[in-house]
Amino acid sequence: MKSLRLLVPLALFVVIAVFLYLGLARDPREIPSPLVGKPAPAFTLAQLKAPDQKLSTADMKGQVWLLNVWASWCVSCRVEHPLLVQLAQANVVPVIGLNYKDKVPEGIAWLAQYGDPYKISVVDADGRVGIDWGVYGVPETFVVDKAGVIRHKHIGPVTPEALQNTILPLVRELQKA
Amino acid sequence: MRATALLLVAMFSVGAIAATSDAALDARLKKLDEELRCLVCQNQSLADSNAPLAQDLRREVRSLADAGKSDAQIKEFLVARYGDFVLYKPPVKGSTWLLWFGPFLLLAGGAVVWWSVSRRRARPSRETPGAVDGTAVNAGVERARELLNDPRT
Chain A
1 MKSLRLLVPL
11 ALFVVIAVFL
21 YLGLARDPRE
31 IPSPLVGKPA
41 PAFTLAQLKA
51 PDQKLSTADM
61 KGQVWLLNVW
71 ASWCVSCRVE
81 HPLLVQLAQA
91 NVVPVIGLNY
101 KDKVPEGIAW
111 LAQYGDPYKI
121 SVVDADGRVG
131 IDWGVYGVPE
141 TFVVDKAGVI
151 RHKHIGPVTP
161 EALQNTILPL
171 VRELQKA
Chain B
1001 MRATALLLVA
1011 MFSVGAIAAT
1021 SDAALDARLK
1031 KLDEELRCLV
1041 CQNQSLADSN
1051 APLAQDLRRE
1061 VRSLADAGKS
1071 DAQIKEFLVA
1081 RYGDFVLYKP
1091 PVKGSTWLLW
1101 FGPFLLLAGG
1111 AVVWWSVSRR
1121 RARPSRETPG
1131 AVDGTAVNAG
1141 VERARELLND
1151 PRT
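From first to last, the protein sequence lines stand for chains A and B.
Counting in the numbering used here, the first sequence runs from 1 upward without gaps.
Counting in the numbering used here, the second sequence runs from 1001 upward without gaps.
One or more hints might be untrue.
[As the list claims (entries may be wrong)] A few chain B residues that face chain A, going by a derived Cβ cut-off under 8 Å, partial list only:
1. 1039
2. 1040
3. 1041
4. 1042
5. 1056
6. 1057
7. 1060
8. 1081
9. 1083
10. 1085
11. 1087
12. 1090
[Stated by the list, open to error] A few chain A positions that, by computed beta-carbon distances, are all more than 10 Å from chain B:
13. 13
14. 33
15. 46
16. 173
Read the hints as simulated data drawn from the structure, not as lab findings.
Note that beta-carbon positions come from the ideal geometry of N, C-alpha and C, so glycine has one too.
Can you make the complete structure from the sequences, with help from the hints?
The structure is reproduced here in structure tokens:
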């Protein structure tokens, strides 16, 4: 009984240490999105390269697709960009670009310079659609399933690990469904 | 001349009415913005932050308020997009139960420990040797008297 009581401080220490460790291991910048598992917010926006044509979320129904939020002023978009270009060449899944709070000529010039991995890019000049999608930083990438439900959100530049271990397996699984 | 004066008065009073209702709306929005977190600079409220997203969200909050939405509806709009994180005061629900009531649990636990420790300390103080066994003391006194009265000494 006495020896059990001596273990109490140790047990308390372990509990606190585990909580603190979990707290340290989490990235506070990654805010879990309440939109995962919910229908993707609808938009109908003008296309970046063809301003007289529109793209709507309804047009993407029936296929798995990625929405990548990007901007020419976004430095970390350049980090993930080569990976997106590779992904586009592999032709696994269509990537729609949301050109977020950008100027159209600058967006087009940026794609000309670094390559255009997007099936279509649409223009969200005032960031309204971004707010609907819960975007709070660029880049962000969403996985949307055939029924138009958001299945995953990646915050920050897509890394090769995130693409290989999370995004692509999910895409393949959703494509089979 | 008179008509011009009247027109001027009318213009100014309309301006004044618009200004007071604007001030009330501004105060309401300021209070609301202070309860909402900026997602970019996370330790600042929407009211304090100059991040572009905070400006956009303040504009969004204002346009929702202009559309006649209540504070609760505006918060709901933001929570649906950004989660509870956007609220500085987390709502009471299953996942936040520990956060809200954990401190009280710890307080109650502390009270139990304090109570049991103070009880254990109080008990032995009644058993300290100095204050016990009057008969033994009396026997000692009696023995001393006998020795004093003993003629042999």
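Close enough to count: is the Cβ of residue 1085 of chain B nearer than 8 Å to one in chain A?
-> Since the shortest Cβ distance to chain A is 5 Å, the answer is holds.
Given residue 1090 of chain B was flagged as interface, is its beta-carbon under 8 Å from a beta-carbon of chain A?
-> 13 Å, violated
Can residue 1056 of chain B be said to touch chain A, with a Cβ gap under 8 Å?
-> 5 Å, holds
Residue 46 of chain A non-interfacial with respect to chain B [C-beta, more than 10 Å] = 19 Å, holds
Closest C-beta approach of residue 1081 of chain B to chain A relative to 8 Å, hint status = At about 4 Å, which falls below the 8 Å cut-off, the nearest Cβ of chain A leaves the hint on residue 1081 of chain B intact, so it holds.
Cut-off 8 Å, beta-carbon criterion: hint that residue 1083 of chain B touches chain A = 4 Å, holds
Supplied contact hint for residue 1041 of chain B, tested at 8 Å Cβ to chain A | Not OK, violated: residue 1041 of chain B not within 8 Å of chain A, min 11 Å.
With a cut-off of 8 Å, does the beta carbon of residue 1060 of chain B approach a beta carbon of chain A closely enough for the hint to hold?
-> With Cβ-Cβ at 6 Å, under 8 Å, it holds.
Double-check residue 1042 of chain B for me: the hint is only fine if its C-beta lies closer than 8 Å to a C-beta in chain A.
-> Holds, because the Cβ-Cβ distance from residue 1042 of chain B to chain A comes to roughly 7 Å (cut-off 8 Å).
Run the C-beta distances from residue 13 of chain A to all of chain B and say if the shortest one exceeds 10 Å.
-> Non-interface label on residue 13 of chain A holds, nearest chain B Cβ at 15 Å vs cutoff 10 Å.
Supplied contact hint for residue 1040 of chain B, tested at 8 Å Cβ to chain A | Cβ of residue 1040 of chain B sits 6 Å from chain A, so the hint holds.
Taking the closest Cβ pair, is residue 1087 of chain B under 8 Å from chain A?
-> This interface hint is violated because 12 Å lies over the 8 Å limit.
Of the numbered hints stated above, those contradicted by the structure are hints 3, 11, 12 and 14, listed in ascending order.
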